[in-house]
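Colleague: Residue numbers (the working numbering), protein chains in the order written: chain A, 18 to 321; chain B, 146 to 633; chain C, 63 to 344.
Please note that the accuracy of each hint is not assured.
[Stated by the list, open to error] Taking lysine to aspartate or glutamate and the EDC-like style, the derived pairs with C-alpha atoms no more than 20 Å apart in a straight line are:
#1 B:Lys399 x B:Asp627
#2 C:Lys120 x B:Asp218
#3 A:Lys267 x B:Asp569
#4 C:Lys110 x B:Asp627
#5 B:Lys422 x C:Glu107
#6 B:Lys332 x B:Asp569
#7 A:Lys267 x B:Glu242
#8 A:Lys266 x B:Asp551
#9 A:Lys267 x B:Glu619
[What the hints assert, rightly or not] Simulated DEER-style distance windows between Cβ atoms:
#10 A:Lys42 x C:Leu271: 44 to 50 Å
#11 B:Arg626 x C:Phe194: 45 to 51 Å
#12 A:Ala212 x C:Gly248: 23 to 29 Å
#13 C:Arg96 x A:Gly223: 55 to 61 Å
#14 C:Lys341 x A:Gly223: 37 to 43 Å
#15 B:Asp338 x A:Lys101: 38 to 44 Å
#16 B:Arg626 x C:Ile327: 22 to 28 Å
In short, the hints are calculated from the structure, not lab data.
Glycine included, each C-beta is placed from N, C-alpha and C at the ideal position.
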Amino acid sequence: MKIETKGKSRFAGKTTGVLSFVDMKKPGNKVIYWAMFVLMVTVALVCVLPPLYILISSFKTTRELMQIPIQIFPEEWSIDKFVKIWNNLDFGTYYLNTFKIIIGSILFSILSNGLAGYVISCLKPRGSALYATLILWTMLLPSTLSFVASFQNMVDMPITHWNLTNTYWPMWFSSGANAFQILLYKNFFDSIPRALVEAATLDGAGKAKIFTKIILPLSVPIISVDAIFTMTGCWGDFMFPYLILTDNKKKTVMLAIYNMSIGQKYSIDEQLVGIVFSIVPPIILFFFLQKYIMGGLTLGGVKE
Amino acid sequence: MKKKIISCLLTITVTASLLAGCGGETNQVSGDKQTSTEDKQTSTEDKQDTSVGEESQEPEPVTITIGNWPSKDNDTYALREKQREAFEEKYPYITVETDEYGYGVDTFLAKAAAGQLPDLFQTFFTEADKIITAGYAADITEIFNNSIFAGNMEQDVLDLVTKDGRIYGVPQSAYSMGLYCNVNLFKEAGLVDEEGVPLFPTTWDEVAETAVAIKEKTGKAGFMIPVTNNQGGWIFSNIFWCFGGVYETQEDGKWVATFDSEEGVAALQYLKDLKWKYNVMPDNVIGDLTAWTEKFGTDQVAMGICHQPYANSIISLTGMSKDSIAMTTIPSGPAGQMSQMGGDIYMMAVGTTPEQQDACLKWMEFSGNSPSMDEDAVANYEASVKEISDMDWIVGAGGLTIWGDDAEVTIKQKEIDAKYANVDLRLWPYAENPGAGITPEPPVNAQELYAALDAVIQEVLTNEDADCQALLSEAAYNFQRDYLDNAN
Amino acid sequence: MNAWVFLIPSVFLLLLMVWEPLVSTTRMSFYETRGFDTVEFIGLENYKNVVTNSGFLKTLKNTALYVFWSLVIGYLFPYVVAVMVNEMVHAKSAFRFFCYFPVMVPGMAASLMWKFLFEPGENGILNAIRVFLGFEPSQWLQNPDLVIPLIVITMTWRGFGGTMLIYLASLQGISQELYEAASIDGAGFFQKIRYIQFPEMKSLLLLMLIRQIIGVFQVMQEPLAMTAGGPNNASMTLMLNSYNYAFTYFQVGRAMAVGTITFLILVVFTVIYQVVSRKVEE
């Protein structure tokens, strides 16, 4: 009953979707609405329960995990195991390494992708349209196919013959070579009203001044979106770091949990703890920055 | 493919056990967690101290990097570090750096191509040829021939590391396989004698009967075999040979796949029957050795085949008590008793200098991986055995050696093992005769063959209507076409 | 002129990380290799070897199956969810939050997590649920017929939230007046979806379709982590195959050949995408 009244008041303000508040007065539509609501609750549960179950299970011992019939909850909620694995495997180092990759990658992405987007969108030097087309194709081309050859370039860089394995440069480079981000920036800059720039030009502002006084302040949202994308991307990146970082001291969190899962080194309960370690930071990030994260996706991602 | 990795796992322990049986060589070095690796830090620091102090020695200072170093969380880490310090004291001009890199079938090339291989690294018997062909192992013929290693090795083992008359490696350890039994489940099923010793099956038929009895009495699975990561083929080989199968034969210099013979089909059919006719396998038949280990170590499965050094890995991974593990020699089949022999090889990275290679050989000798054994090596070995025994892992359960029963190393290690032995030998019939029916791994494209067999075994264990003959014929045909025909 | 200066980092990095490797992949596919070094030009030998390998056709078929199942399972799902979320007045932002939640779980962690949930023994949670409901336990990833759909489900689980938000943004851009006009004409819920909403979304749906095909065709990490391509190669994909050639069998030339073949197939889809998206823009 209570829900009903509450519902009514909510429907009165319904301004989105196919069903308007007028429609909601029909019982048939109400059924449809609540059916969809139930479905959505189910979907939400499917999204959240698996990680939650992993979290719960990570407290169990190997014996409990092998047990039939299973028990949902562990016998003991002890974080000793977490502390032990954190220390023994030195997860602190893996976190730190991943963090280093993230910071460098964000810088590279802004400097390379951001500037490229700016040039293509605003400065438009001769030939930049061609470059834009090239970028578009690059984004669509399946470049992951050439990861073996990219790896080779990192082992023996063309011309300089630097060996970049076990350094973070390759990950930074690859974050700076992201066609999707370039287009994200381009779309964003395209949406800045030209009038602003023109007005400033009329006032006699130089290109540099326009950039620092107008473009840059306006770019804060896109840069934060870039930073967030890069951050989550780097956190989850696996294949390339797997090939590049063979020194254990240099490894990332993702490599650590994969290494735990192969070979006969770690029991299943330890592996689960590793998975939990790898999931928690991005989830925390999500709780705090959900607006930016979900907003950023639609900022420029759709149309290219 | 990781299978062998395992083999090296914690081998150290093994070592200890190895001794009992055949002897020697022992794996201290191989010990530990092969793949992983953390931690160079401490070692690097230490090392610097040392090297600064003693620069005045006659030979030029040389630095070597040794792979397969245990990670800090490994139980054997402290021991190995001590060993390293002692070594640097003995040879002040040598600086030892460590790398936790252990051979991984899919990580080696990336590491090698990047020039990041440790100067001294380990691999499996079956991988040697591939690595030599790819050009990542140093030619150590001269230095080898002038060392204590020369002339001590069995020819067929030496052949593994020889190509076109040049030598590219030194075998480090060898293992044979046997049948592991979970004492707890045997007891629960009443399959023990009055002293509580399991009634070990000695033929494959008895294995099936025993498994059925266990399933009936305890509801737990009687037998399980890993089937992924090439471990399926690797372990199935034992059954295959016992039934009389032959993988590959050489005809006029050309290799021919012959594993779809009547005998091979019978072996596969046996496995299939365990699953479908006797119903003694777990629901989860697809898994690697870890899956088996978890189930065996937590009393969910009663038997399985694996190599001897693995016993202590089971303890380490699952916390199983050493007194719950029993092991007997491979059961016999129609063609007799055949147990797979494999092992690890030391190789040196291409680009190492002769001085470094010499230092590596010295390290191998120092750490007990050579036919001779001086006082230091004895002390090292004893320390490691004591450590294992202190952890309540298995010591004194036998195993293969590669330097022969008469070698100094074999004899001395046996003595030490006997001193610390903590295993109830009634549970370890294997230890009496670890060399029973040993058979080397397939000579050509072994890992690829295992992969092909994995697929066949998976099919047989998941499809009740699978046709063993047809599957093997197809696998043999494809293996011939994809690999053997290319090899020639 | 000096504007190009700002493009230098981008040009340099794209050359190094993307363009040169693409060219080099193609080039090396015609060579015999030793480690990563080219030894000798051997024409189409690598291609011949790769294509005649007994596993190739199966791998190709599997890859197509991944795409097929991803379309069946994962294509309309985010759209339907977006439509529903768009209707919600209760807990709308919570639903958005929950749907996007899996996107934040790193891919490797998600694969390992689902691998754990798909434990085929009765000690697996999903099997426990099946048994509780009166079904036989399933073999899950070990069943060759199920393995690809299941891997696709995990990919969908992790990925649909992002796609859903894109659809949702587009849905929210549809003018309410259109619906109101239809209501006045007496159109019901499903009619409005079909005749008013869907036409507005058609072009976006088409773009996402091709994008998904291209994306899923390159699947590698999920099978690597969850099944290593098994059982019996039932979940082997072209990219994983290429990875194995390079890093397990040390046959870099053949790895490159598989990569090039995949590339050529995908170029066809890319061209289609370009044509379609141009049409859509008009």
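Colleague: So, for every hint listed, does it hold in this structure?
Modeller: Against the structure, the hints come out as follows:
{"no.": "1", "hint": "B:Lys399 x B:Asp627", "in the structure": "holds (14 Å)"}
{"no.": "2", "hint": "C:Lys120 x B:Asp218", "in the structure": "violated (42 Å)"}
{"no.": "3", "hint": "A:Lys267 x B:Asp569", "in the structure": "violated (44 Å)"}
{"no.": "4", "hint": "C:Lys110 x B:Asp627", "in the structure": "holds (11 Å)"}
{"no.": "5", "hint": "B:Lys422 x C:Glu107", "in the structure": "violated (46 Å)"}
{"no.": "6", "hint": "B:Lys332 x B:Asp569", "in the structure": "holds (16 Å)"}
{"no.": "7", "hint": "A:Lys267 x B:Glu242", "in the structure": "holds (16 Å)"}
{"no.": "8", "hint": "A:Lys266 x B:Asp551", "in the structure": "violated (43 Å)"}
{"no.": "9", "hint": "A:Lys267 x B:Glu619", "in the structure": "violated (44 Å)"}
{"no.": "10", "hint": "A:Lys42 x C:Leu271: 44 to 50 Å", "in the structure": "violated (37 Å)"}
{"no.": "11", "hint": "B:Arg626 x C:Phe194: 45 to 51 Å", "in the structure": "holds (48 Å)"}
{"no.": "12", "hint": "A:Ala212 x C:Gly248: 23 to 29 Å", "in the structure": "violated (45 Å)"}
{"no.": "13", "hint": "C:Arg96 x A:Gly223: 55 to 61 Å", "in the structure": "holds (56 Å)"}
{"no.": "14", "hint": "C:Lys341 x A:Gly223: 37 to 43 Å", "in the structure": "holds (41 Å)"}
{"no.": "15", "hint": "B:Asp338 x A:Lys101: 38 to 44 Å", "in the structure": "holds (40 Å)"}
{"no.": "16", "hint": "B:Arg626 x C:Ile327: 22 to 28 Å", "in the structure": "holds (24 Å)"}
In terms of the numbered hints stated before, the structure departs from hints 2, 3, 5, 8, 9, 10 and 12, listed from lowest to highest.
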